[in-house]
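Top line first, the protein sequences correspond to chains A and B.
Under this note's numbering, think of the first position of the first sequence as 4, with each following residue one higher.
Under this note's numbering, think of the first position of the second sequence as -17, with each following residue one higher.
You may find that some hints are simply not true.
What the hints assert, rightly or not - Straight line, CA to CA, 35 Å or less: simulated DSBU-like cross-link-like pairs of lysine-lysine:
id : chain 1 : residue 1 : chain 2 : residue 2
1  : A       : Lys314    : A       : Lys19
2  : A       : Lys85     : B       : Lys86
3  : A       : Lys59     : B       : Lys143
As the list claims (entries may be wrong) - Computed footprint of chain B on chain A; a stretch qualifies when at least three of its residues, placed anywhere within it, have a C-beta under 8 Å from a C-beta of chain B:
id : region
4  : 141 to 148
5  : 288 to 301
What the hints assert, rightly or not - Each pair of labels, with its calculated beta carbon distance range:
id : chain 1 : residue 1 : chain 2 : residue 2 : range
6  : B       : Asn215    : A       : Ile269    : 25 to 33 Å
7  : A       : Gln321    : B       : Gly206    : 27 to 35 Å
8  : A       : Asn147    : B       : Asp214    : 56 to 64 Å
9  : A       : Pro179    : B       : Gly206    : 47 to 55 Å
10 : A       : Ser125    : B       : Gly206    : 24 to 32 Å
11 : B       : Glu186    : A       : Lys64     : 44 to 52 Å
12 : A       : Glu214    : B       : Thr2      : 31 to 39 Å
13 : B       : Asn215    : A       : Asn322    : 16 to 24 Å
14 : B       : Asp116    : A       : Thr192    : 33 to 41 Å
15 : B       : Asp116    : A       : Asp189    : 27 to 35 Å
16 : A       : Ser127    : B       : Asn68     : 32 to 40 Å
17 : A       : Ala317    : B       : Gly206    : 23 to 31 Å
18 : B       : Asp165    : A       : Asp303    : 32 to 40 Å
It should be emphasised that the hints constitute simulated quantities derived from the structure, not laboratory data.
Model, not experiment: these values are computed from the prediction.
Don't be surprised by glycine CBs; every beta carbon is placed ideally from N, CA and C.
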Amino acid sequence: MSVLVYTESENGKFKKAALEVVSYAKAVADQMGTTVTAVAINADDNESLGAYGASKVLSVKDDSLNNFNAKKHAAVIEQAAKNESAKVVVLSSSADSKYLAPLLAVGLDAGYVSNVVEAPSSTSPFTVKRTAFTNKAFANTEINTDVKIVGLSNNSFGVVEASGSASVEDFSPSIPDSGVNVESVDKATDKVSIADAEVVVSGGRGLKGPENWGMIEELADVLGAATACSKPVSDLGWRPHGEHVGQTGKPVASNLYIAIGISGAIQHLAGINASKVKVVVNTDPEAPFFKAADYGVVGDAFEVVPALIEKLKAFKAQNA
Amino acid sequence: MKILVCISHVPDTTSKINFTDGDTKFDTNGVQFVINPNDEFGLTRAMWFKEKQGASVDVVNVGGAETEPTLRKALAIGADTAIRVNTEATDGFAVAKQLAKVVKDGGYDLVIAGRESIDYNGGMVPGMLAAMTDANFVTNCIGLEIDGTNAKAVREIDGGKETVNTSLPLVVAGQKGIVEESDLRIPNMRGIMMARKKPLNVVEPVDATSETSTANFEKPAPKGAVKLVDADNIDELVNLLHNEAKVI
Ligand SMILES: Cc1cc2nc3c(=O)[nH]c(=O)nc-3n(C[C@H](O)[C@H](O)[C@H](O)COP(=O)(O)OP(=O)(O)OC[C@H]3O[C@@H](n4cnc5c(N)ncnc54)[C@H](O)[C@@H]3O)c2cc1C
Ligand SMILES: Nc1ncnc2c1ncn2[C@@H]1O[C@H](COP(=O)(O)O)[C@@H](O)[C@H]1O
Chain A
4 MSVLVYTESE NGKFKKAALE VVSYAKAVAD QMGTTVTAVA INADDNESLG
54 AYGASKVLSV KDDSLNNFNA KKHAAVIEQA AKNESAKVVV LSSSADSKYL
104 APLLAVGLDA GYVSNVVEAP SSTSPFTVKR TAFTNKAFAN TEINTDVKIV
154 GLSNNSFGVV EASGSASVED FSPSIPDSGV NVESVDKATD KVSIADAEVV
204 VSGGRGLKGP ENWGMIEELA DVLGAATACS KPVSDLGWRP HGEHVGQTGK
254 PVASNLYIAI GISGAIQHLA GINASKVKVV VNTDPEAPFF KAADYGVVGD
304 AFEVVPALIE KLKAFKAQNA
Chain B
-17 MKILVCISHV PDTTSKINFT DGDTKFDTNG VQFVINPNDE FGLTRAMWFK
33 EKQGASVDVV NVGGAETEPT LRKALAIGAD TAIRVNTEAT DGFAVAKQLA
83 KVVKDGGYDL VIAGRESIDY NGGMVPGMLA AMTDANFVTN CIGLEIDGTN
133 AKAVREIDGG KETVNTSLPL VVAGQKGIVE ESDLRIPNMR GIMMARKKPL
183 NVVEPVDATS ETSTANFEKP APKGAVKLVD ADNIDELVNL LHNEAKVI
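Please work from the sequences and hints to get the whole structure.
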C-alpha cells in the first residue's frame, strides 16, 4: 500500500530531482498514513534516501539498464509498483521520466497527471494542482483510478529532509526487449542542463549576435548556471535549439532566471514563469519583461553584464 | 508508408487565458485556435516523407465540430485526408483510446504527434497511444529518418541529445527540430482551395472513460512590482539577490 517513487540517478549518484520526488512522496504518504518505497536503478548510495523520507529502497542493478530506455525502465517501475501494491506512484519531470510515464500509466491502468506543483489538496478524491496552458493557469485535477501517477514539476515542492532510515532490498524485475535502441548519446558533461539548473542565464536578440555570448557564458560560469536563449536566437542559429526556452521550447523552473536582452513576449514568459526569482536586463524600460520580473536593470547589456560578472566574482571571493 | 499526424486544436500562443462557469471551463471568447505548434512541426516532417518517399499523410483530431477549421488548415498544408473523432477530448487517456482505434482501423505505420499540447500540456497522449497499439515510441523527437521499416530518430534529452534505432510501427512525439522553423509552410491559395475538396471524415467515438477530471482552474496570483536597480549600482543587485531573494 506504500507510495512508490522512482529516484533517478546519474553515474550512480541520485539527482536533486530524485530527492525532491522522495520528499513529495513522503508528504503524500503522511497524508495517506503509509510509507514511501523508492525504486532506484544502478544507484550507489541507496540508504541516503532515508534522509528524505523513504522507508525502503528497491535496488535494481542491471547493466542492461545503463542507458535509459523508456520501455525497460517503465517495466521495472511497473513491477515494483505491483510488488508494493502501490496506490500512488511519484515521478519527476525530467525528460526521461516524462518519456516513461505514459507507458507506465497504460501498464498500470493508472490515471496520470503531469506538471503537478503541490502536495494533494485531498487524497480522497485524489486531487492535485497542476500547471496548464503553459503556466498561464493551474488546474485542480482529480485522478479517478485505483492507482495514480503523479508527475511532479521540478523545483516546485523542494527537497525536504526527514529523520529516518531506509532499508535496502535487492529487486530483480524481468526486463522486456525494447524496440528502441540507443546508438549514441551526445551530451555535454561539463555543462549544467537547463532541467537540472538552479540558476539559468538567458540571452535574447538584444545581444546582437552569437559572437557576444562569451559574457553570457562567463556569467553562467560564475553562477554555476545553465545557459538558455529566446526562440529567435535559436532560429537564427546563434545558439543550439536545446537552449530555446519558452512556450514552444523548454520549460524553466529554476530558482533564479536572468534574462538579458529579451523583450518578454508572452510565449517566452509562459515557459519561464515557474522560475522563482526573475531578473531582467534591458535597454528599454517599456520592455514587457519588466512587468513579469522581480528585479530589473534598465541598461545596456554590454555594460551591465561585465559589471555583474565582476561584482559576483568579488562577492564569491568574499563569501568563499 | 501510411502516416497519421495527430493534430491538437489549441489556443494561439498569444491568447489571454480566462475561465467561465465558476472557473470550470476555458473561456473561448475572442480566442483564436491554431494547430498545436509541436504538431505543425510534425506535419511538416510528414509532408517531407510524402514528397520524398511517397508516403500518404492523414491527420486526425479528437474533438467537436469546432476543430474542423484547424483540420482544414492541415489539409491546406498538404495532408490527404482528415479524420475527426466526434467526441469531447476529456483527458489524455480517453483521447489516446480514440486515437488507438483510428490507428488500428487505418493500419498506419507511423504516427507523428507532438511532444505536448500547449493547452493541456499533458505530454501523455503519444506515449499512451504507443503503449495501446504496441508500437515503438520516441518522444522529444528532433530528427527522424525512415528506411523501409527501419527508423532512426534523435531525441532531445536533458543536456543533449541521443540517437536511437527503432522500427515501424512507430509513434513519435515531435517538436521544433524535427523540422526547422523556416521549413514551416503557410498554406497558399491553391492549397486552401484544394483542402475544401479533400475528405474530412467524421467518425463516431468508441467507449472510453476518462481517468482524470479537472474540478476547476485557477490563475496565478498577480505579480508584485519589479524592483529596479540602477545600472551604475550593480552591487545593489548582488546584495538583493543574496540578502533579499536568497538565490545566490
Ligand atoms: C507560435 C509562437 C511560439 C513562440 N514560442 C516562443 C518561445 O517558446 N520562446 C520564445 O522566447 N519566444 C517564442 N516566440 C517568439 C516571441 O513572440 C518573441 O518574438 C521572442 O521571444 C522575442 O525574442 P527576444 O526577446 O530575444 O527578441 P526581441 O523581441 O527582438 O527583443 C530584444 C530585446 O532586447 C533589448 N535590447 C536591445 N539591445 C539591448 C542591449 N544592448 N542591452 C540590453 N537589452 C537590449 C530590446 O529592448 C528588446 O526588448 C514564439 C512566437 C510564436 C508566434
Ligand atoms: N484531441 C486530440 N486530438 C488529436 N491529437 C491530440 C489530441 N490531444 C493531444 N493530441 C496529440 O498528442 C500530443 C500531446 O498532447 P498532450 O498529451 O495533451 O500534451 C499533441 O501534440 C497531439 O499531437
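Going down the list of hints, with the structure as the test:
At roughly 28 Å between alpha-carbon atoms, lysine 314 (chain A) and lysine 19 (chain A) fall within 35 Å of each other, so this suggested pair holds. Using a Cα cut-off of 35 Å, the hinted pair lysine 85 (chain A) and lysine 86 (chain B) holds, with the two alpha carbons roughly 29 Å apart. Simply put, lysine 59 (chain A) and lysine 143 (chain B) have alpha-carbon atoms about 33 Å apart, close enough for the 35 Å limit, and the pair holds. By the rule of at least three residues with a Cβ nearer than 8 Å to a Cβ of chain B, the coverage given for the region 141 to 148 of chain A holds, with 8 such residues.
Figure legend: the region 288 to 301 of chain A, annotated as covered by chain B; annotation consistent (9 residues with Cβ-Cβ distances under 8 Å, at least 3 required). Range check, asparagine 215 (chain B) to isoleucine 269 (chain A): Cβ separation about 30 Å, and the 25 to 33 Å hint holds. The hinted window of 27 to 35 Å between glutamine 321 (chain A) and glycine 206 (chain B) holds, with their beta carbons roughly 29 Å apart. About 58 Å separates the C-beta atoms of asparagine 147 (chain A) and aspartate 214 (chain B), a value consistent with the hinted range of 56 to 64 Å.
Between proline 179 (chain A) and glycine 206 (chain B) the CB atoms are about 51 Å apart, so this pair conforms to the stated range of 47 to 55 Å. Range check, serine 125 (chain A) to glycine 206 (chain B): Cβ separation about 30 Å, and the 24 to 32 Å hint holds. Take glutamate 186 (chain B) and lysine 64 (chain A): their Cβ atoms lie about 50 Å apart, and the range 44 to 52 Å holds. Look at glutamate 214 (chain A) against threonine 2 (chain B): about 50 Å separates their beta carbons, and that is not inside 31 to 39 Å.
Range check, asparagine 215 (chain B) to asparagine 322 (chain A): about 20 Å between beta-carbon atoms, so the 16 to 24 Å window is met. Roughly 35 Å separates the CB atoms of aspartate 116 (chain B) and threonine 192 (chain A), a value that falls within the hinted 33 to 41 Å. In this structure, aspartate 116 (chain B) and aspartate 189 (chain A) meet the distance hint of 27 to 35 Å, their C-beta atoms being roughly 29 Å apart. Range check, serine 127 (chain A) to asparagine 68 (chain B): about 34 Å between beta-carbon atoms, so the 32 to 40 Å window is met.
The supplied range of 23 to 31 Å is met by alanine 317 (chain A) and glycine 206 (chain B), whose beta-carbon atoms lie about 29 Å from each other. In this structure the hint that aspartate 165 (chain B) and aspartate 303 (chain A) lie 32 to 40 Å apart at CB holds, the actual value being about 35 Å.
Of the numbered hints stated above, the single one contradicted by the structure is hint 12.
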